[in-house]
Amino acid sequence: MNLLIALLAGTLFAVGIYSILRRSLVKVILGFALLSHAANILIFTSGGLIRDVPPLIPLGRDRPPEIFADPLPQALVLTAIVISFGITAFLVTLIFHANRKLGTDDAASFKEDGP
Amino acid sequence: MSLPILPFLIPLVGAALCLAAWRSPATQRIISLSAGTLALAVSIALLVRVRGQGIQTLQLGDWPAPFGITIAVDLLAGIMTVMTALMGFCVNVYSLEGLDRDREKAGFHPLYQMLLAGVSGAFLTGDLFSLYVMFEVMLISSFALIALGAGKRQIGGAIKYVAINLFSSILFLISVGLLYRVTGTLNMAQLAVTLGDAPASGAVTTLSLLFLVAFGIKAAVFPLFFWLPDSYPTPPVPVSAIFAGLLTKVGVYALIRMFTLIFVQDPGLTHSLLLVVAGLTMVTGVLGAAAHMEVRRILSFHIISQVGYMVMGLGLFTPLGLAGSVFYLFHHIIVKTNLFLVSGLIYRLGGSFALADLGGMLRRSPGAAVLFLIPALSLAGLPPLSGFMAKFLLVKAGLEAGRPLIVAVSLLVGLLTLFSMTKIWSEVFWKPAPDPVAGVALPAPLPASWRTFALWLPSCLLAGLTVAIGLGSEWAYGLARDTAHQLLDRQGYIEAVLGRD
Numbered sequence: 573m574n575l576l577i578a579l580l581a582g583t584l585f586a587v588g589i590y591s592i593l594r595r596s597l598v599k600v601i602l603g604f605a606l607l608s609h610a611a612n613i614l615i616f617t618s619g620g621l622i623r624d625v626p627p628l629i630p631l632g633r634d635r636p637p638e639i640f641a642d643p644l645p646q647a648l649v650l651t652a653i654v655i656s657f658g659i660t661a662f663l664v665t666l667i668f669h670a671n672r673k674l675g676t677d678d679a680a681s682f683k684e685d686g687p
Numbered sequence: 192m193s194l195p196i197l198p199f200l201i202p203l204v205g206a207a208l209c210l211a212a213w214r215s216p217a218t219q220r221i222i223s224l225s226a227g228t229l230a231l232a233v234s235i236a237l238l239v240r241v242r243g244q245g246i247q248t249l250q251l252g253d254w255p256a257p258f259g260i261t262i263a264v265d266l267l268a269g270i271m272t273v274m275t276a277l278m279g280f281c282v283n284v285y286s287l288e289g290l291d292r293d294r295e296k297a298g299f300h301p302l303y304q305m306l307l308a309g310v311s312g313a314f315l316t317g318d319l320f321s322l323y324v325m326f327e328v329m330l331i332s333s334f335a336l337i338a339l340g341a342g343k344r345q346i347g348g349a350i351k352y353v354a355i356n357l358f359s360s361i362l363f364l365i366s367v368g369l370l371y372r373v374t375g376t377l378n379m380a381q382l383a384v385t386l387g388d389a390p391a392s393g394a395v396t397t398l399s400l401l402f403l404v405a406f407g408i409k410a411a412v413f414p415l416f417f418w419l420p421d422s423y424p425t426p427p428v429p430v431s432a433i434f435a436g437l438l439t440k441v442g443v444y445a446l447i448r449m450f451t452l453i454f455v456q457d458p459g460l461t462h463s464l465l466l467v468v469a470g471l472t473m474v475t476g477v478l479g480a481a482a483h484m485e486v487r488r489i490l491s492f493h494i495i496s497q498v499g500y501m502v503m504g505l506g507l508f509t510p511l512g513l514a515g516s517v518f519y520l521f522h523h524i525i526v527k528t529n530l531f532l533v534s535g536l537i538y539r540l541g542g543s544f545a546l547a548d549l550g551g552m553l554r555r556s557p558g559a560a561v562l563f564l565i566p567a568l569s570l571a572g573l574p575p576l577s578g579f580m581a582k583f584l585l586v587k588a589g590l591e592a593g594r595p596l597i598v599a600v601s602l603l604v605g606l607l608t609l610f611s612m613t614k615i616w617s618e619v620f621w622k623p624a625p626d627p628v629a630g631v632a633l634p635a636p637l638p639a640s641w642r643t644f645a646l647w648l649p650s651c652l653l654a655g656l657t658v659a660i661g662l663g664s665e666w667a668y669g670l671a672r673d674t675a676h677q678l679l680d681r682q683g684y685i686e687a688v689l690g691r692d
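Residue numbers (our numbering), protein chains in the order written: chain Y, 573 to 687; chain F, 192 to 692.
These aren't lab readings, by the way, just hints derived from the structure by calculation. Hints may be right or wrong, so weigh each one.
[Claimed, not checked] Simulated coverage check for chain F against chain Y, where a stretch passes if three residues somewhere in it have a Cβ under 8 Å from a Cβ of chain Y:
#1 343-349
#2 363-376
#3 443-451
#4 575-582
We treat Cβ as the ideally placed atom computed from N, Cα and C, and that holds for glycine.
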């Protein structure tokens, strides 16, 4: 299972980085989305992959069972998902704005040096 | 309310209030300035308390460390928070007149306060994941600020900035995830205990280099800085001034924190690599500055070059070297913000940022000339200004640590910095004004009103600070030296956060 997840994260990273380097800005957005998914999978996996045991203390007990899912990476992933959701929303707006100003979503058409 | 978290909370509440006053930019200005003044007062009080009583900590929600989120303020964090509040206040005053009304109405003030909140929070936190969150708060605010009102000529710089900094965040996130897997904790003090002084495994060294890359992109070191000169010259002057003063320094702060507290197991590899990176950063930055002919682009390359000096102190890893880094940090924040604000003045007086279009400003505005000269000469390292002491500390530390090559590089780069500063001086102020292009009138001279006063006041204040630090460098060095000793005293930090056990 670990191997499968590792391959998944690796593939997502590869596809994400490939997409970021494209000329079309829309593909860049998709690339960043894939990269943040890959990073989230990596963090989630860093807590260990445990089946069928939630990160909760069972009812009536005061400590978690012997084997339990680590709640901290799950909290980290939730935070990271929310952050990347906000960033993706902003990125989409930015590219839309750029498309309106430049008339194209080609990254080679930037002209800088403006105050 | 506990003091350590206030420098983060005050700009946050200020941002919320500014949003509530969305329809009235005048109210937003008042709220923004009040929040800025209050944050400055609180940060100075915090620094005084840290100086007197040692590292201040606060456990959010009373969850004990290392399980909860820790706020840990040592001298470095205190100094950086004061610098944030000070620069935030100065650029805010400048933006009263220096920012066009359209951008102000589009939400400059809430975004600006959120940026300051994120930067302050990043300095105050003692936990790696809340460092990530604060980085993101700062980053998203900066994305919105750099894209605010972006026209055809600014949008390219904005997109480059967003893309590369987003990539560095994702790298940071990956590093945090892997570090958790290896150590089981993300609290900085607990990490220092877990990783300890023992020789590093391959995994830990790899992680340290991952963090180096992630923060190196933020700090703009070689070879990760190429986003900076393309994006910093494009936004309006107040935005570029606050970016130049604060954002790369957060990356440098993170590097210092990681490589003095947590990743000290293999200094032969990590810190030597930092030294090499510092040297290359210094040289490439200043060569870029020498090659360009547009004021803000030259200044942006200088940021890169001076970041090299700060990383040099970290790479040397001696008390004097770290003191030099800390001194350089607060000297440079003041000088860089000031230079960008003065570039705004130059633009208002001369109508352009390009050196070819400017000239003769010494006669038209000797005040602007003086306000440019002070930070420029300080940057180049002339006594009795602050830059001299900063460079001197680093040179002395390098010689004492037995690293003559980096010292030679830093001195040569200082010479080239002086060259590029005098280039700006002679092109903008000294040479006679170029013949005006037919049909294009020079901007009207600035009227003497309180609004124009808002343009001059921050630069005067910052220039005065530069001179004061230079003349009072014995006191400033004392502060830097105490900071460096505290940074190298990992046990002190661990005990302050986790308690003795």
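**Q.** Within 8 Å of chain Y's CB atoms, at least three CB atoms from the segment 363-376 of chain F: coverage verdict
**A.** Since three or more residues must qualify, the claim that chain Y covers the segment 363-376 of chain F holds, with 7 doing so at under 8 Å.
Q. According to a criterion of three or more residues whose C-beta lies within less than 8 Å of a C-beta of chain Y, is the segment 443-451 of chain F covered?
A. With 0 residues in contact (Cβ-Cβ under 8 Å with chain Y), the coverage given for the segment 443-451 of chain F is violated.
Q.
When I compare C-beta atoms, does the segment 343-349 of chain F have three or more residues closer than 8 Å to chain Y?
A. holds (count 7)
Q | Residues of the segment 575-582 of chain F with Cβ under 8 Å from chain Y, three needed, outcome | A | Since 0 is below three, the answer is violated.
Figure legend: structure checked against the earlier numbered hints; hints not met, in rising order: 3 and 4.
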